[in-house]
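> Listed below are the residues making up each chain.
There are 2 protein chains.
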Amino acid sequence: MITIKKFGGTSVGSIERIEKVADRIVADIKKGQKPVVVASAMSGETNRLVRLAHEIDPLNRGPGYDMLLASGEQVSIALLSIALEKRGVTATPLLAHQLGIQTDSIYSKARIQSVDGEKLKALVNQNTVPIVAGFQGVTDDFKITTLGRGGSDTTAVALAASIGADACEIYTDVPAVFTADPRLVKRAREIPVLCYEEMMEMASLGSKVLHFRCVELAVKFNVKLHVRSTFEEREGTWIVPEGESMENPVVSSVTHDASTVVLKIFPTPSGTGFKSQLFSTLAERGIVVDIITQSHNEEGQRLAFSVSEEDALLAKKIVDEMVGSSARVDIMKDMAKISTIGVGMRNHPGVAARFFQVLDAIRVPIHLVTTSEIKISAVIDKKNLEKAAEGLHREFHLDDDV
Amino acid sequence: MITIKKFGGTSVGSIERIEKVADRIVADIKKGQKPVVVASAMSGETNRLVRLAHEIDPLNRGPGYDMLLASGEQVSIALLSIALEKRGVTATPLLAHQLGIQTDSIYSKARIQSVDGEKLKALVNQNTVPIVAGFQGVTDDFKITTLGRGGSDTTAVALAASIGADACEIYTDVPAVFTADPRLVKRAREIPVLCYEEMMEMASLGSKVLHFRCVELAVKFNVKLHVRSTFEEREGTWIVPEGESMENPVVSSVTHDASTVVLKIFPTPSGTGFKSQLFSTLAERGIVVDIITQSHNEEGQRLAFSVSEEDALLAKKIVDEMVGSSARVDIMKDMAKISTIGVGMRNHPGVAARFFQVLDAIRVPIHLVTTSEIKISAVIDKKNLEKAAEGLHREFHLDDDV
Numbered sequence: 001m002i003t004i005k006k007f008g009g010t011s012v013g014s015i016e017r018i019e020k021v022a023d024r025i026v027a028d029i030k031k032g033q034k035p036v037v038v039a040s041a042m043s044g045e046t047n048r049l050v051r052l053a054h055e056i057d058p059l060n061r062g063p064g065y066d067m068l069l070a071s072g073e074q075v076s077i078a079l080l081s082i083a084l085e086k087r088g089v090t091a092t093p094l095l096a097h098q099l100g101i102q103t104d105s106i107y108s109k110a111r112i113q114s115v116d117g118e119k120l121k122a123l124v125n126q127n128t129v130p131i132v133a134g135f136q137g138v139t140d141d142f143k144i145t146t147l148g149r150g151g152s153d154t155t156a157v158a159l160a161a162s163i164g165a166d167a168c169e170i171y172t173d174v175p176a177v178f179t180a181d182p183r184l185v186k187r188a189r190e191i192p193v194l195c196y197e198e199m200m201e202m203a204s205l206g207s208k209v210l211h212f213r214c215v216e217l218a219v220k221f222n223v224k225l226h227v228r229s230t231f232e233e234r235e236g237t238w239i240v241p242e243g244e245s246m247e248n249p250v251v252s253s254v255t256h257d258a259s260t261v262v263l264k265i266f267p268t269p270s271g272t273g274f275k276s277q278l279f280s281t282l283a284e285r286g287i288v289v290d291i292i293t294q295s296h297n298e299e300g301q302r303l304a305f306s307v308s309e310e311d312a313l314l315a316k317k318i319v320d321e322m323v324g325s326s327a328r329v330d331i332m333k334d335m336a337k338i339s340t341i342g343v344g345m346r347n348h349p350g351v352a353a354r355f356f357q358v359l360d361a362i363r364v365p366i367h368l369v370t371t372s373e374i375k376i377s378a379v380i381d382k383k384n385l386e387k388a389a390e391g392l393h394r395e396f397h398l399d400d401d402v
Numbered sequence: 001m002i003t004i005k006k007f008g009g010t011s012v013g014s015i016e017r018i019e020k021v022a023d024r025i026v027a028d029i030k031k032g033q034k035p036v037v038v039a040s041a042m043s044g045e046t047n048r049l050v051r052l053a054h055e056i057d058p059l060n061r062g063p064g065y066d067m068l069l070a071s072g073e074q075v076s077i078a079l080l081s082i083a084l085e086k087r088g089v090t091a092t093p094l095l096a097h098q099l100g101i102q103t104d105s106i107y108s109k110a111r112i113q114s115v116d117g118e119k120l121k122a123l124v125n126q127n128t129v130p131i132v133a134g135f136q137g138v139t140d141d142f143k144i145t146t147l148g149r150g151g152s153d154t155t156a157v158a159l160a161a162s163i164g165a166d167a168c169e170i171y172t173d174v175p176a177v178f179t180a181d182p183r184l185v186k187r188a189r190e191i192p193v194l195c196y197e198e199m200m201e202m203a204s205l206g207s208k209v210l211h212f213r214c215v216e217l218a219v220k221f222n223v224k225l226h227v228r229s230t231f232e233e234r235e236g237t238w239i240v241p242e243g244e245s246m247e248n249p250v251v252s253s254v255t256h257d258a259s260t261v262v263l264k265i266f267p268t269p270s271g272t273g274f275k276s277q278l279f280s281t282l283a284e285r286g287i288v289v290d291i292i293t294q295s296h297n298e299e300g301q302r303l304a305f306s307v308s309e310e311d312a313l314l315a316k317k318i319v320d321e322m323v324g325s326s327a328r329v330d331i332m333k334d335m336a337k338i339s340t341i342g343v344g345m346r347n348h349p350g351v352a353a354r355f356f357q358v359l360d361a362i363r364v365p366i367h368l369v370t371t372s373e374i375k376i377s378a379v380i381d382k383k384n385l386e387k388a389a390e391g392l393h394r395e396f397h398l399d400d401d402v
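Line by line, the protein sequences give chains V and U. For reference, each letter of the first sequence is one residue, going 1 to 402 in the numbering used here. For reference, each letter of the second sequence is one residue, going 1 to 402 in the numbering used here.
Rather than coming from a laboratory, the hints here were simulated on the basis of the structure. Since the model is a prediction, treat every value here as computed from it, not as a measurement. Don't take every hint at face value.
What the hints assert, rightly or not - With a cut-off of at most 25 Å between alpha-carbon atoms, the simulated DSS-like pairs for lysine-lysine come out as follows:
no.	chain 1	residue 1	chain 2	residue 2
1	V	316	U	333
2	U	317	V	86
3	U	387	U	333
4	V	316	V	186
5	U	109	U	30
6	V	119	V	275
7	V	275	V	109
8	U	208	U	224
9	U	109	U	224
10	V	31	V	316
11	U	383	V	86
12	V	109	U	109
13	U	208	U	383
14	V	317	U	86
15	U	109	U	86
Unchecked claim - Quick list of simulated restraints, FRET-style, between CB atoms:
no.	chain 1	residue 1	chain 2	residue 2	range
16	U	90	V	360	36 to 42 Å
17	U	27	V	279	37 to 43 Å
18	U	44	V	193	34 to 40 Å
19	V	279	U	149	27 to 33 Å
20	V	88	U	309	29 to 35 Å
21	V	116	U	220	34 to 40 Å
22	V	309	U	44	40 to 46 Å
23	V	397	U	44	53 to 59 Å
To be verified - Among the chain V residues that face chain U by a calculated CB cut under 10 Å, a handful are:
no.	residue
24	10
25	13
26	23
27	26
28	27
29	28
30	29
31	31
32	33
33	65
34	72
35	74
36	127
37	131
For each residue, glycine too, the CB sits at the ideal point set by N, CA and C.
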């Protein structure tokens with residue numbers, strides 16, 4: 001049975017850890033598994049490369065930038081292959097172009113379009129362990145692309161889909177997905193089973209455990225995900241279709257994103273086309289706009305939206321160019337987004353009311369807010385993040401022992 | 001006019017230097033040049049990667065190892081592209097597979113077989129600056145290979161050959177090729193013109209300025225080389241066919257190699273096949289044997305040969321296995337090879353006599369010696385290297401002001 005195993009940056013963060021990962025792979029082979037391995041860059045390496053690029057030009061995004069970042073995974077898969085060869089296991093390190101991981105041409109946030117699953121199967125049948133570089137792809141004119149932060153998870157699911165595997169193991173430095181980030185909320189607990197929709201919301205709302213696109217692909221190709229520890233044997237969190245999840249608490253998790261920035265435009269230029277032009281320009285430049293709100297007063301319309309910290313400067317530049325001197329553009333830093341997520345919210349009205357009551361009771365002002373049928377998100381000051389997370393975690397009974 | 005410009009590791013050794021290289025390229029474009037750039041890895045990076053691999057397995061050589069090392073050039077060309085884009089110049093970073101730099105499959109010492117010059121010309125005609133990763137190639141089944149230390153010089157000449165360029169600029173951290181290593185011989189001077197044969201001898205006898213294979217390719221495709229400083233405007237050393245060199249001093253340079261080891265076998269096993277079997281076994285294991293001498297006395301035949309320090313242990317092991325207890329195998333460490341090189345030696349008899357007189361006068365014993373029509377090399381004790389180099393440099397008028 002072919003098993004896709006993805007190892008994150010901390011799992012391959014040092015030579016010692018790479019050797020441990022190699023030991024684990026060899027042990028799984030002895031149990032009869034036929035592994036296909038996906039690896040991220042060694043922890044810290046992508047940040048180091050980003051810093052080098054930023055020293056030259058913090059705004060550059062394109063083929064050079066993606067080629068730079070892709071080198072991190074090249075190093076880790078090469079080292080992991082050497083570690084497996086040392087253990088008498090034949091390994092084949094594979095970059096995106098070598099495996100035909102085709103993507104579109106949206107640099108730094110490319111989307112996988114196809115993977116050569118036949119090549120992967122052929123390698124496994126030749127008794128070699130494919131060690132695939134995560135996070136990277138190749139356009140149809142052979143340029144290197146990258147998939148955005150956490151993109152190696154997506155690579156792993158795309159490989160699983162390409163060979164029809166029904167599960168994909170995501171090895172990481174935490175033993176499972178938690179009800180909240182344990183560094184922020186001391187009483188956070190492990191979640192044994194989550195459904196896809198919840199995990200997608202968590203990923204898009206700031207949970208670092210899985211990449212949004214990875215869960216989206218898992219849904220599309222019906223690949224179950226198993227998030228588990230690289231350094232412990234026991235099982236972690238399974239992410240499965242909704243019907244297969246046993247329990248549906250009202251709220252499954254409190255998720256946060258501490259790298260949120262809010263841009264405010266006042267007065268918003270009149271004319272019907274401005275907002276559509278603004279958001280399509282931002283999208284073309286690869287900037288994901290998160291929450292958007294607008295309000296009116298007698299002096300005009302106020303538009304506010306949130307973006308991630310790393311996109312903030314570029315977003316500000318684009319907005320400045322579009323509005324010129326006709327409006328004031330403010331950037332609000334040190335913001336955070338806090339969210340409660342749960343498919344159980346569909347059947348339990350009143351969650352929004354409790355959400356606002358909690359923040360109100362502990363005097364946390366809300367700058368932006370958005371809801372869907374399974375989540376509520378608010379942008380608040382970063383300094384209030386911890387008490388807001390603890391308050392919400394308690395309110396929705398996530399502190400309770402199960 | 002297309003100009004190939006190769007920048008070495010120290011030239012791209014920091015972000016500050018990469019910016020300076022970008023400035024220089026932009027200045028050359030303004031003068032009407034159409035550059036094609038080749039870059040090495042940032043200085044220290046290849047060593048860092050080698051250390052990582054060695055921590056796992058010091059003996060591994062293969063696709064993983066070469067993929068690992070090739071990542072260094074990927075980083076530098078990506079950063080250089082970003083620096084050019086920042087200056088408003090369109091740049092295209094190119095890895096070996098993207099440019100079709102085909103090699104054989106001898107990992108870590110691959111030889112370039114072909115380069116897609118048409119692709120390179122097409123890019124230049126689209127007004128983009130190709131920034132090509134040096135040191136790397138790709139096999140016909142898309143595996144990454146590397147060309148050995150200094151291989152980026154070879155990449156540069158191969159690109160020049162592929163587009164029919166008649167010259168290739170090698171930018172480095174020294175302003176020119178010198179008559180001797182200035183750290184060893186204080187009166188060493190810059191050499192304005194050298195012929196290919198002299199440069200090939202220098203490269204093979206220990207000069208670090210150019211890779212032997214690079215000069216060999218330059219001869220084959222009649223590409224003139226211009227070794228010059230990255231950080232100064234003035235010209236450095238031209239390396240040209242013999243007829244084009246204006247002056248032919250008897251000796252052009254005193255070159256040394258301080259990493260020589262001598263192996264001695266006594267008595268050499270009798271039988272006609274021993275020596276051919278010995279040297280073919282060493283060659284199969286990738287060991288380059290340099291000088292070989294043999295001598296007889298009443299007790300038998302003595303065989304001695306020199307190898308590089310890094311190959312010494314493996315060579316000793318191979319020899320020990322072949323001779324068993326039938327002979328004594330001695331290893332002489334702390335040796336150095338000193339050579340005088342010059343095409344003028346062809347027309348000036350008596351150079352060998354002067355060479356021996358100099359070493360004799362300053363009491364430097366010679367362990368091995370070899371000559372060709374344009375060079376004399378001797379293996380001496382490393383502790384005598386400096387005085388031998390200075391003596392020879394003076395004797396052959398390389399100290400003189402020109």
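> Take the C-alpha atoms of residue 109/U and residue 30/U, compute the straight-line distance between them, and say whether it is at most 25 Å.
violated, 38 Å
> Decide if the proposed pair is consistent with the structure: residue 31/V and residue 316/V, CA atoms, cutoff 25 Å inclusive.
violated, 54 Å
> Should the interface hint for residue 127/V be scored as holding, given a Cβ-Cβ cut-off of 10 Å against chain U?
Residue 127/V check fails; min Cβ-Cβ to chain U is 16 Å, beyond 10 Å.
> Would the hint linking residue 119/V and residue 275/V be met if the CA-CA limit is 25 Å?
Cα-Cα ~46 Å, so violated.
> Within a Cα-Cα threshold of 25 Å, do residue 383/U and residue 86/V meet the stated pairing?
violated, 40 Å
> Was the hint right that residue 65/V lines chain U, CB cutoff 10 Å?
holds, 6 Å
> Given the hinted pair residue 109/U and residue 224/U, is their Cα-Cα distance within 25 Å?
holds, 24 Å
> For the pair supplied as a hint, residue 387/U and residue 333/U, confirm whether the alpha-carbon distance does not exceed 25 Å.
holds, 19 Å
> Was the hint right that residue 27/V lines chain U, CB cutoff 10 Å?
violated, 18 Å
> Given the hinted pair residue 208/U and residue 383/U, is their alpha-carbon gap at most 25 Å?
Holds: residue 208/U and residue 383/U sit about 20 Å apart, inside 25 Å.
> Once the shortest beta carbon distance from residue 13/V to chain U is found, is it less than 10 Å?
Hint on residue 13/V: violated, closest Cβ of chain U at ~12 Å, above 10 Å.
> Does residue 186/V sit within 25 Å of residue 316/V, going by the straight-line distance between their CA atoms?
Cα-Cα ~36 Å, so violated.
The structure fails hints 1, 4, 5, 6, 10, 11, 12, 15, 16, 18, 19, 22, 24, 25, 26, 27, 28, 29, 30, 31, 32 and 36 (numbered hints given earlier, in ascending order).
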